[in-house]
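Enquirer: So you can see what is in the structure, the chains are spelled out below.
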Amino acid sequence: MSDTAFDLVVIGGGPGGYVAAIRAAQLGLRTACVDKRGPLGGTCLNVGCIPSKALLHSSHHFAMAGQEFAEHGIAFGKLDLDLAAMMARKEKVVDDLTKGIAFLFKKNKVTHFTGFGRIDAPGKVAVVEEGGKETALTAKNIVIASGSDVAPLPGVTIDEKKILSSTGALSLPKVPKRLAVIGAGVIGLELGSVWRRLGAEVTVFEYLDRILMPMDGELAKGAQKILTKQGLQFELGVKVTGAKATKQGVEIAFEAAKGGDAKTLVADAVLVAIGRVPYTEGLGLEKAGVATDAKGRVEIDAHFQTNVKGIYAIGDVVRGAMLAHKAEDEGIAVAEILAGQSGHVNYDAIPGVVYTWPEIAAVGKTEEELKAAGVAYKTGKFPFQANSRGRTSGDLEGFVKILADEKTDRVLGVHIIGPAAGELIGEAGLALEFGASAEDIARTCHAHPGYSEAVKEAALAVEGRAIHA
Amino acid sequence: MAKEIIVPVLGESVTEATVAQWFKAVGDTVAADEPLLELETDKVTLEVPAPVAGQLSEIVAANGVDVEVGALLGRIEEGNGATAQKPAAKEAAAPAAAAPAKAAPATPAASPKPAAPAADLPLAPAVRKLVEEQGLNPAAIPGTGKDGRLTKGDVLRHLEGGQAPSAPAAETAAVETRGVEAATVETRGVEAAAREERVRMSRLRKRVAERLKEAQNTAAMLTTFNEVDMSALKRARTQYRDSFEKKHGVRLGYMSFFVKAAIVALKEIPEVNAQIEGEEIVYKNHYDIGVAVGSPQGLVVPVLRDADRLGFAEVEKEIGAFGARARDGKLTMEDLTGGTFTISNGGVFGSLLSTPILNPPQSAILGMHKIQDRPMAIDGKVEVRPMMYLALSYDHRLVDGREAVTFLVRLKECIEDPERILLDL
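Residue numbers (my numbering), protein chains in the order written: chain A, 13 to 481; chain B, 224 to 648.
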């Protein structure tokens, strides 16, 4: 084969794309991956999951130093923040990881092209570099993994200086005195937490009258209480009608969602975090005849195939939760399908995590969903206040809630606020995959002293027999 | 590339099978021709070997699923396929779950395998507890969990199956009330379960049941009886037992005599060896005698082909081999089909007299029974003779009373006077 002819060309090198490319290569397909950014890893690695987690970690340390170290007997003089150093560390983490993916590509012999991927016809992809140079690739199959972009808010123009998207909010040169966040979803709350910890006054605006939709209602309420205690201010049930950059900062106009008096808030910066939208610019979908839906998502069938034979799509650009791990699992599934195996993603067992502290994590059905579906269920709840490990680390906030089928005891959903919730949720995902009952979790030995014991106790609580509460 | 594992041809007129047990799991490395799974049909269980060496990449038809000939069972990634992404929870050692043979298909002689789906996968903790407390056989409970595993719900459903509907769950959220109610349901479960146990019919048993009923519904079935004095046979056995075994390497039993005697009678009364097919009577010019033998899954009837051409020793050898193969579950489809007449021996179990049921599509079946010393009137004197009752069940649509009776009489004469077999009298 010539060096521009491939079995598979993946457009997009984010978690969906690079994983699909590596898996396909493992299965023996000659694979190329086209990405416009240069460094691999997509939004997640470069301006999403990874930099935000790095900053969350650093800012958490800063907050602990200021608020809790004294309790631990750690005394020091004045607490200083070197934001530039924090950002540099973040950048190094990102850099190391993107280099890691490049290494994985080399190891698995995936050919990497930098440039815009444009589908000229089924089986034909053009790599368009910045200068305009084009390289024509042929492929037996194409996977579109072009991901998503920031959702725009009408009336608000993002300049990444005072009016920010998550990308800008990850690289501010100094801590804003007051930060407004539009959107009380995962991204808004995580970045709001970062700047709050570093000293900013943070106000979060949300259209609905609750935060973190569509997570479990009780979970969201618990999270709101905890974040409020941490100093985040919430304006719920509110519609932002405009944000204007002024000399002082930003003037945010808002009113009650149902309509009412117009109000304003002046902040130094505002983060627009109302969601993300599928990104298909420059793909040439129209010319190639690939259908998209009203929301701009590429339409696919149960096997990730678009309406054009030989063209597939995965990740944020198609239906489903816009999560990196969902994209990764779809990447594996589509690669396996292309290699003649079957590939499946269990959409009912995809966890969602919010990396505030305490963390918030959930997998499976919420109480609202079960009620709406008329499913009879029982609940088991256990507070971290009663968890030995939580006591040793001073993490007393939050709880584990397990929802189980009333008759069969089968675990239907698990919802956690607490230390390392994002890790604890792994056990719950496994339980869902195997159709385990709450009793199975309760009868599995969990290490002591561990946060995961809270999961075990919540399972016991489903039967009304928690030991430690 | 993935190679498909297909349901092989199963035997004449057998179009369907059930996946009884996968021996390998997704992710396992397999050698070419290595047995991958066991299929259960109406007549036999058979193994499906791997078409190529490689890694089992997918199981499409899981345990318990019905498949047709040519259907896709799974796929193998040829050669050193890349490690499968699917989690393979295999390595844990299976608990010794007792699997009573009554519900299980025949197991291969090599290693005793539990018969039920996913029986070699460890039981979930809640399932373990329930199974122990209720004295259940996990192999007999259909599993709906991953790879056919038992979930707690499966076991609860199984327990509920035999009892009256339990009280509706309380609406209150009070933890104590819930606890009490759960205890009540559980106790009721314990009682009900102790009084009966539900076991799913194996495919084989279902099929046997169907065929027997079919036989009864189709044929005009009657039974005629006679008795035979076994003295002559006993004498022949005693006299020639040692030399027979020495020369032929097999014990001289009674079955060879009965098979041979039956053939003499069948030759004289061809209707007994014939079959009705639609509007025609098919007279068979060959003598394929089915001999009922016991197996772990029940009575099976392998067939002695062209028994008229077999010598006594060959008959005895064949029957012995059938018995061993039946025990090991190695009888093939050909072994069990095409018989023209069947001999069944209830005597080994102690039956004195019985009315055997026809083995469709055959028109007659001979029942042998227990040999019992009885006082008989011989030439005006009472003598104790070893007697056996004989029963011939026959299809009256084809075989008339006189023929049935004559058949039995001829057979009796050949047994009481074995020289008749030699002289074809």
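A hint or two may mislead.
List time: in silico DSBU-like cross-link candidates among lysine-lysine, alpha-carbon distance up to 35 Å [said to hold, decoys possible]: (1) A:K65 - A:K321; (2) A:K256 - A:K186; (3) B:K469 - A:K419; (4) A:K299 - A:K275; (5) A:K419 - B:K369; (6) A:K393 - A:K321; (7) A:K299 - A:K233; (8) B:K247 - B:K507; (9) B:K540 - A:K118; (10) A:K383 - B:K593; (11) B:K352 - A:K393; (12) B:K604 - B:K540; (13) A:K121 - A:K233; (14) B:K470 - A:K152; (15) B:K553 - A:K321; (16) B:K593 - A:K321; (17) A:K173 - A:K233; (18) B:K226 - A:K119; (19) A:K118 - A:K48; (20) B:K429 - A:K119; (21) A:K419 - B:K540; (22) B:K226 - A:K121; (23) A:K121 - B:K429; (24) B:K429 - B:K226; (25) B:K507 - B:K369; (26) B:K352 - A:K383; (27) A:K65 - A:K383; (28) B:K247 - A:K419; (29) A:K90 - A:K119.
Keep in mind that the hints were calculated from the coordinates and are not lab data. Bear in mind the structure is a predicted one, so any value in this text is a computation, not a measurement.
Enquirer: Evaluate each hint against the coordinates.
Expert: The hints, checked one at a time:
1. A:K65 - A:K321: Distance of about 39 Å is beyond 35 Å: violated.
2. A:K256 - A:K186: Holds, at roughly 20 Å.
3. B:K469 - A:K419: The hint is violated at about 68 Å.
4. A:K299 - A:K275: Roughly 46 Å between the alpha carbons, so the hint for A:K299 and A:K275 is violated.
5. A:K419 - B:K369: holds (19 Å)
6. A:K393 - A:K321: Distance of about 49 Å is beyond 35 Å: violated.
7. A:K299 - A:K233: violated (47 Å)
8. B:K247 - B:K507: violated (45 Å)
9. B:K540 - A:K118: Not OK: B:K540 and A:K118 at ~67 Å, beyond 35 Å, violated.
10. A:K383 - B:K593: violated (68 Å)
11. B:K352 - A:K393: OK: B:K352 and A:K393 at ~23 Å, within 35 Å.
12. B:K604 - B:K540: Violated, at about 40 Å.
13. A:K121 - A:K233: violated (48 Å)
14. B:K470 - A:K152: violated (72 Å)
15. B:K553 - A:K321: With Cα atoms ~48 Å apart, B:K553 and A:K321 exceed 35 Å; violated.
16. B:K593 - A:K321: Given pair B:K593, A:K321 is violated - Cα atoms ~73 Å apart, limit 35 Å.
17. A:K173 - A:K233: Holds, at roughly 32 Å.
18. B:K226 - A:K119: holds (27 Å)
19. A:K118 - A:K48: Measuring from Cα to Cα gives roughly 18 Å; hence the hint holds.
20. B:K429 - A:K119: violated (56 Å)
21. A:K419 - B:K540: violated (57 Å)
22. B:K226 - A:K121: OK: B:K226 and A:K121 at ~25 Å, within 35 Å.
23. A:K121 - B:K429: violated (56 Å)
24. B:K429 - B:K226: At roughly 33 Å apart (the allowed maximum being 35 Å), B:K226 and B:K429 satisfy the hint.
25. B:K507 - B:K369: violated (51 Å)
26. B:K352 - A:K383: Satisfied, since the Cα-Cα distance of roughly 30 Å is no more than 35 Å.
27. A:K65 - A:K383: Holds - the C-alpha atoms of A:K383 and A:K65 are around 34 Å apart, at most 35 Å.
28. B:K247 - A:K419: With a Cα-Cα distance of about 33 Å, the restraint between B:K247 and A:K419 holds, given a limit of 35 Å.
29. A:K90 - A:K119: violated (48 Å)
Hint violations for this structure: numbers 1, 3, 4, 6, 7, 8, 9, 10, 12, 13, 14, 15, 16, 20, 21, 23, 25, 29, all remaining hints satisfied.
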